[in-house]
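K.L.:
Sequence:
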Amino acid sequence: MRRYADHWLLVLLLLLVFPLPARAEETVQARIDEAPEYGVVRLASGVYDEAIVLSKPLALEGIGEVTIRSCRKSPVIAIYGRHVVLKNIRVVQCGDAPDMPAIYVTGHDHTIDGVRVLTNQQGVKLDHAHHTTIVHCAVQGEKNGNGIDLWESTQNVIHYTAIERVKDGIYMENSHNNVLSGNHIDNARYGIHVMFSNRIVLRKNISEKNIAGAMVMGTEQTTIEQNSFVQNKRNVHSQGLLLYDAAKTIVRKNRIAANRVGIYVEQARHNELTENDVSHNFIGMQWNESSNNRVSDNSFIGNVYDAQAIRSPDNTIVRNYWDAATKLDVTGKGVSAIPYRADPFFLALTVDVPEYQLFFQSPGMIVLQKLLRSPDEQVLTDDAPLMEQPTARKDRPSRSASLLYVMSAVMIAGSISGFIIGRKRP
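As numbered in mature numbering (1 follows the signal peptide of the UniProt record, and there is no 0), residues -24 to -1, 1 to 402 make up the sequence shown, in order.
Some hints here could point you the wrong way.
Unchecked claim - Simulated crosslink set (BS3-like; lysine-lysine; CA at most 25 Å straight-line):
1. Lys63 <-> Lys180
2. Lys119 <-> Lys229
3. Lys209 <-> Lys229
4. Lys224 <-> Lys180
5. Lys309 <-> Lys229
6. Lys224 <-> Lys119
7. Lys209 <-> Lys185
8. Lys209 <-> Lys180
9. Lys303 <-> Lys229
10. Lys185 <-> Lys229
11. Lys32 <-> Lys63
12. Lys32 <-> Lys119
13. Lys63 <-> Lys49
14. Lys49 <-> Lys32
15. Lys180 <-> Lys229
Think of the hints as simulated: they come from the structure by calculation, not from any bench.
Predicted, not measured: the structure shown is a model, and the values here were computed from it.
Model the full structure from these sequences, guided by the hints.
P.N.:
See the structure below:
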């Protein structure tokens, strides 16, 4: 009996020193491989150190605090095929392979929901991915790669996602018909970067504290509306919104504030900029080699310089509100009869000699600007500036209310006159 006891004691010691490898079925990948198509694999709270591949219709869902972590020279999670759902998981990429995404996606009809990505390189890469939704996610990087990168990927939706400390927040190239809405991007180079992609929708995004809020280049029929591009001034060339080689694009109802340049437009044509709030930028709007665009019903308030145009003929600039304009309404239609000319004289002067900024709005500088007018091609002119901000005009009292105000004023004036006359009688 003692011999058998010694034998089992030896086996136990060997197992302690050289444990058996974990069974394959205990890994996340093994559970994914064994799951049926359209099945659900639920992970309990914990940290899973492995890289996984999802290549069939399947849902991988975290229950509690679930982290999948990998330092390999491959994506932490790779998604292929169709109808893959990734939900409620924290993804940590600790590898240092350049441009390696934490999550790689190709195929179509995938969903990434409630996923938080911490990455040393790229966050999420969509490569020939279509009809994919990214929602309620977060990407935090080390400024080595883009937060979400789209390459030849169409008809995807990215919304309610927070991105910070990356190269570009959301970058897309040759990727058409994508919708970006409700995202928050900060501390990036370009918050949103669109390249050679048409029919893009940017709606209700916040892009702040970047070098540029959004760079939209080589696009047609894109819609940029109700976004907030603010405090993008980390570089001497910072802009809230940069439109380059854009055509038939609508820029509407955006807040573009506290940037170095609010809107910069170059080589753009047949675009419409309307109902935007362009305020408290160093330069409100700059144009270069752009023509046949329409700018109307915008508000330019508190900018150091409202606008500048270079080699940009045949643009329609009308019915905007300029707080620096001299206004005179002779028709009662809310439009000033005095055109507003945005003369870039002082701006051009400070480009050559930055120290001249000390003389901004000094009486001598204003006199010089009147005497030394800039060439007409550099002066942006609104022939019919608004008397009031567009929002103020919409909130103006109705005709009946206005009539009531007038009647009240007449009655008050009559009462005061009667009182004065009564006091003068002996």
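K.L.:
Each of the hints needs a verdict: does it hold here or not?
P.N.:
Hint check results:
| no. | hint | in the structure |
| --- | --- | --- |
| 1 | Lys63 <-> Lys180 | holds, 24 Å |
| 2 | Lys119 <-> Lys229 | violated, 30 Å |
| 3 | Lys209 <-> Lys229 | holds, 21 Å |
| 4 | Lys224 <-> Lys180 | holds, 20 Å |
| 5 | Lys309 <-> Lys229 | holds, 23 Å |
| 6 | Lys224 <-> Lys119 | violated, 33 Å |
| 7 | Lys209 <-> Lys185 | holds, 7 Å |
| 8 | Lys209 <-> Lys180 | holds, 21 Å |
| 9 | Lys303 <-> Lys229 | holds, 24 Å |
| 10 | Lys185 <-> Lys229 | holds, 20 Å |
| 11 | Lys32 <-> Lys63 | holds, 16 Å |
| 12 | Lys32 <-> Lys119 | violated, 32 Å |
| 13 | Lys63 <-> Lys49 | holds, 23 Å |
| 14 | Lys49 <-> Lys32 | holds, 23 Å |
| 15 | Lys180 <-> Lys229 | holds, 10 Å |
Violated hints, listed in ascending order, are 2, 6, 12; each of the other numbered hints is respected by the structure.
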